[in-house]
Every structure is written in structure tokens, then in C-alpha cells.
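S.K.: With this note's numbering applied, the sequence shown covers 388 to 560.
FYI, nobody ran anything at the bench for these hints, they're computed from the structure.
Among the hints, a few may not be true.
Said to hold, decoys possible - Taking lysine to aspartate or glutamate pairs in the EDC-like style, the calculated list, with each CA pair at most 16 Å apart, reads:
(1) 403 / 510
(2) 403 / 550
(3) 403 / 552
To be verified - Quick list of simulated restraints, FRET-style, between CB atoms:
(4) 433 / 492: 37 to 45 Å
(5) 513 / 421: 30 to 38 Å
(6) 490 / 453: 36 to 44 Å
(7) 419 / 544: 32 to 40 Å
(8) 514 / 438: 22 to 30 Å
(9) 392 / 464: 16 to 24 Å
By construction, the Cβ of each residue, glycine as well, lies at the ideal position given by its N, Cα and C atoms.
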Amino acid sequence: MTPPPYALRIDTDVTKLREADRLLQDLAAELALPEDVFGCTHLVREAGRRRVALSLAGRSRAVADAVRARLTAQGHTVTDGTWDEPGRAVLFPGAAALTGTLTVAELLDRSAIDRVRVLGAPDGPGPEARLVTREFVRPRWEHHELVLAAMPAAGGTLVPFEDSDPTPCCADH
């Protein structure tokens, strides 16, 4: 999948991924964004300042213009384009349908995710492989594909690599 053509960069002072996730979800609800919008977090370090920036991208210039106007009015710094760092998708088409245990085929069919990569495995999982979503799925853009990193779990299942409640020593890396 090619990223949508109308993208906005939103600078923030947020330093934690969970805060950035919440901010994106709150913005999507407040602005009543359509379900085809992608909302991503980006770890940015510029001029010695480390933070989690946001991007919103969609297929409609009108939606992008409305979002830019609203966020600018709220005091956010908004510019056209995306951040250099690949995005970690929080909002993406089909995200709400990724709950419970799904096969890889169901996950790919229900969402904008293009593929699943299993850490430490040379090949991707088969379409019948079961993924326990833990209601927290955060794929990343990799070479114009939305890719979910997963890892083996109990009972021959897979789980998303990123956990909603990471161990403090590993959080926000």
C-alpha cells in the first residue's frame, strides 16, 4: 500500500509513546476523522530535542486542510509532509477490527496492514497462523508497506511485538 498523498506533520512536546497514542486518538475523535486516515507517531530528535511527533495522512485534500486549520488554531505547529523517521501507525483503516485472536489472513483482510513479519524468522507466517492481538496493534511503515512485527507466543500463536504496557526499562526505545 502506498501511503496516502495528503500528509501533515504535527510537532509536539510529547516524550512518551503512550501519550502520543492518546493524543492521536483524541485528535481523531475530536476532528471526526474518516476511517481511511492514517495517524502515526515518529521518534524525532532535532537540535538535541527528543520527542514523539505525529503525522496524519489521508486521501482527501479537504480533510487535510480542515485538520491543518483546526490544529493550527489550537496552537499546534503543522506542516505539510511526513517526518524522516518511519511512522508507527496508531490510526489506520481497519484498526478497530483487530481484536481477539485472528488468523494472519483475517488480519490482512480486515485492515490496511500489508504483511506480518515474525522476529527471528526468515519467512513470514502462513495465512492460517493465529495472532493474539491483545487489542494493541502498532504496525510500522517499511518501504511503502504497513508491516506488523510479531513474535512467537504460547500455544503456537503469535503476538504483536509491541506491548501496550511495556517493561519500564524498554519503554519508549
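S.K.: For the hint 30 to 38 Å, verify it against the beta carbon of residue 513 and that of residue 421.
M.R.: holds, 33 Å
S.K.: Starting from the range 16 to 24 Å, see whether the pair residue 392 and residue 464 falls in it by beta-carbon distance.
M.R.: The hinted range 16 to 24 Å holds for residue 392 and residue 464, with Cβ atoms some 21 Å apart.
S.K.: Does residue 552 lie within 16 Å of residue 403 when you go C-alpha to C-alpha?
M.R.: holds, 12 Å
S.K.: Go ahead and decide if the range 37 to 45 Å is satisfied by the Cβ distance of residue 433 to residue 492.
M.R.: holds, 41 Å
S.K.: Between residue 403 and residue 550, is the straight-line Cα distance small enough, at 16 Å or below?
M.R.: holds, 14 Å
S.K.: Within 22 to 30 Å or not, the Cβ separation of residue 514 and residue 438?
M.R.: Because 38 Å falls outside the window, the suggested range is violated.
S.K.: Hint says 32 to 40 Å; check whether the CB-CB distance for residue 419 and residue 544 agrees.
M.R.: Holds - the Cβ-Cβ distance for residue 419 and residue 544, about 36 Å, lies within 32 to 40 Å.
S.K.: Does the beta carbon distance between residue 490 and residue 453 stay inside 36 to 44 Å, or does it fall outside?
M.R.: holds, 37 Å
S.K.: Between residue 403 and residue 510, does the CA-CA distance stay at or below 16 Å?
M.R.: Status violated; Cα separation ~32 Å.
The structure does not agree with the numbered hints 1, 8 stated previously, though it agrees with the rest.
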